[in-house]
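Make a model of the complete structure from these sequences and hints.
From first to last, the protein sequence lines are chains A and B.
Each residue of the first sequence is one higher than the one before, starting from 1 at the first, in this note's numbering.
Each residue of the second sequence is one higher than the one before, starting from 547 at the first, in this note's numbering.
Don't take each hint at face value.
Quick list of simulated restraints, FRET-style, between CB atoms [claimed, not checked]:
id, chain 1, residue 1, chain 2, residue 2, range
1, A, M72, B, Q635, 29 to 35 Å
2, A, E167, B, A938, 42 to 48 Å
3, A, S292, B, I558, 36 to 42 Å
It is worth saying that the hints were derived from the structure and are not from the lab.
Glycine included, every Cβ here is placed at the ideal spot set by N, Cα and C.
Number of protein chains: 2
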Amino acid sequence: MKSAQTLIEEGISALQHRNYYTAFPESPRAYGEGGTEKAQDDFARLLNQDFQELKSEGASAWVGSEVSPYLMTGLGIRYPQFDNEQLIQRATAAQRTWAKTTPMQRVEVLTQCLYRIQERFFDLAVSTMHTTGQGYMMAFQASGPHANDRAMEAMVMGYQELTRYAESVDFVKPMGKFDLTLKKTYKPIPRGLGLVIGCSTFPTWNTVPGLFANLVCGNASIVKPHPKSILPIAQVVGEMQKVFEAAGLDPYTVQLAVDTPEAPVTKGLAEHAAVQLIDYTGSSHFGEYIESLPGKTVFTEKAGVNGIVLESVQNPAAVFGNIAFAASLYSGQMCTAPQNIFVPAQGIATAEGHLNFDEVAQGIAEAVKGLAENPKMGPFTLGAIQNEATAARVQALNEQAGVQCPSEVVSNPEFSDARTLSPAVVVVEAAETARWKQECFGPALFVIRCSDREEALSLAAESARELGAITSQCYTTDSSFAQQVEETMNAAFTPVSFNFTGAAFVNQHAAFSDFHVTGGNPSGNATFADANYVNRRFVWVGNRYA
Amino acid sequence: MKSAQTLIEEGISALQHRNYYTAFPESPRAYGEGGTEKAQDDFARLLNQDFQELKSEGASAWVGSEVSPYLMTGLGIRYPQFDNEQLIQRATAAQRTWAKTTPMQRVEVLTQCLYRIQERFFDLAVSTMHTTGQGYMMAFQASGPHANDRAMEAMVMGYQELTRYAESVDFVKPMGKFDLTLKKTYKPIPRGLGLVIGCSTFPTWNTVPGLFANLVCGNASIVKPHPKSILPIAQVVGEMQKVFEAAGLDPYTVQLAVDTPEAPVTKGLAEHAAVQLIDYTGSSHFGEYIESLPGKTVFTEKAGVNGIVLESVQNPAAVFGNIAFAASLYSGQMCTAPQNIFVPAQGIATAEGHLNFDEVAQGIAEAVKGLAENPKMGPFTLGAIQNEATAARVQALNEQAGVQCPSEVVSNPEFSDARTLSPAVVVVEAAETARWKQECFGPALFVIRCSDREEALSLAAESARELGAITSQCYTTDSSFAQQVEETMNAAFTPVSFNFTGAAFVNQHAAFSDFHVTGGNPSGNATFADANYVNRRFVWVGNRYA
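Dropping the structure here:
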């Protein structure tokens, strides 16, 4: 366990240099033997009970409506619910103390939180599986070490910005015959209460960056999870409340606001006058509502439709395999998963000779099918479908024209009822924009026949500008075309990953190295984690004393 | 003349340490003899002519409607006007080149601009006098060295943020049996075209920070001056166009968009799809419209109503004199000028004994009157009233109840027709909010009778929260009350200057030391110059290469 000071020093260096860095190793093996089994047992004991890890005094109800996409049964876990006004009052009271702590005091408390959360990585893996449908390994990594790294990244960026100016200065201005002298101080004043709205698929990874950014900047926060993905973040918030309480701080500095799909509370909290900061991950429709709220400082990650420009390759099998894996990982339910593959109608050059368009589409389809049907890989890579609507949407593609491989049920040897589907691969024409130029969330790939590579690029860029894109890919062996792709996609504020094969997947955004979401296109207005991500959470105020 | 590299190094250090720093000395004496006289002659030759310093090819008209508040005659200077679409097309074309320059290339060009502008400081002083009504010394300092310092501050902050990450990294992630290696690059992509909307009172000081921030971040910009204050910024833009042209860059990287009060063009530019960034200084009403525009990144400075909490003092004459000067400087037409003085009904303690409320009000009124009637000080401190509506508003106060000293015409020995008025000082009751709880722009002070010091503070903070405040003051000898004032005003995101007497005036915000506007209350959403001021003008995009 490293000290807060060490994490800050390592983190500041890592932020600048952007090489691989983690404070929380991503392999479960780093955390000892038997963790998974114990976590599975503990999870079983949570089912159909009232969740006891959160502060619950004054709860107005106990609610919960989570369903495991692996078990296809309700978890039956009930969480303490509080009236919005009570949440706000408690947060406001906690804010008075928290806002007065120094940046280093906050970092010390938040570092303890990170290490307390680390002790729960196995629990988070199991709870994330059974709320989101992620495979075990992804659930462990995404909700455990990767989420903690992103939280730490936000904390470090916050600390760096909060301490970038002298705290005070003895100002001396020569005035000719005399000096004007003043004492000046500079204070980063916290903006106010934060609301962090989580999504159903990455309940901790997408939530803790905003939460830790708020907290390091001195803002008490209310976490509002998706009603179908509460347990992982409830475990995180429970640990944090214990750390705050043990440190003699108000445990209500971090609160959980749960609700049900039938009686949502999010708008009431978001519109509350006391809430100044809103972090949001989820659908574009609700995200646009959040962005439209007057007088709020808002950080959003909405839907992105990620494209691949496929122009020429060295090794087609390696490329098709890479695309298949990127699209299959967690059944395409990652915000970074590819959806649209733009391919010239004349096909592509490869080191093994020319492949025509149909051969490309077929190669991708076979790679997708091969992965899904591999019993040692398929079900664990695909995980399960979080939401019934996603399954229905993808299965409907099977009825469309141009299906290269249909979405099929994949059986999971550990969970016989798991809602698992292989990706559909569908060939469409560039002009059929109604079919591909929208988000089709879930396991689906569209192979889009473009007149040439210029059209492939221009459609990819247009889609990024209009629909948003969190990332994009390009396969080309032509360096001048690569440069053109980079400039064109970057001008749409979309990053490009070039020629990924092997263990490099477009889906993966590493803390301290990859900016996640650029904030420049409709997929979101914020980035994990640039300076804006923290600086907009506080206000510099300078006082002067004669 | 310092090199771009030196300015960056000095500027980065100054930004952090926040002591007094300038690259452009504020005394006219530093710029040689005879400058004023030459500038006056040159100004006389500009009158009733077409202004020749700007690129004018393709102008659709020549317009101008400026009136000198000293001469009370129209200047008759006509500037080239262009159709909005032509301005946008030229800016878009220029942007393509400018966006590809490196941060250091931009700094080198902008440094040349600063030094070219420096050669025009005397001209800017005269042109600022005769558009804004500022006194000569203020006009010299505000439009010359102080504006250049603020422009440099924005440039330095931009350079620092644009270069804060490694440009590229050879990313190596240990994967157990092998390493995953990727090359990654990080690019700050300019947001897009900028529109910088100026105000009538500080046509360069309030404009160049946003302009230089846009440019250093790679965004071509259109400057839209107030139709009554064009000449100073036309001179600045003219110099910049010459620097760009001489550097082999597109001179239309910076353009001036002039209009007349009868046919305004601002909304057409602000709402244009190509305009991504808007900087605005001016009325709250139009500022709220600018802030409401969807999809724009907006930086505003709107009206602030600045308060003084007057609780106890050492030397009442020094305090009354300081307040009188702060309210008289440029006739209260500074955004940092005080308007409302909150005084306990029981009066204030002083080192010379207790003063009752009436004695306080009378003391302030006498100091104001004494300054205005001092022929060596009054007219030069007051300058002239920029706008007839301001004069009418202040003169109307003379008819109100509670007038301690009426606003009176002050004669200027150099300009017999100058529109110069002394400040009105009016006593009002705290409950008479309709009289004081609004902006009364111009030379006016309200002395507000509060039940006690707690009410004085609470009204000052409430006013800052509701109306906005760019700054505030407090006079108190009680350190615990001072702390209470600081916390309460800072919580309203308003800075406090304590116990200013002598040469320290609340009006003055020094580049590199004082944040100007906090961005946290309704007086504006941005700050000269914190990191947000530049980071929101570009987007980080990271590309990855296998």
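Against the structure, the hints come out as follows:
In this structure, M72 (chain A) and Q635 (chain B) break the distance hint of 29 to 35 Å, their C-beta atoms being roughly 59 Å apart. Restraint check, E167 (chain A) to A938 (chain B): a C-beta distance of roughly 46 Å satisfies the suggested window 42 to 48 Å. S292 (chain A) and I558 (chain B) have their C-beta atoms about 38 Å apart, which keeps the hinted 36 to 42 Å range intact.
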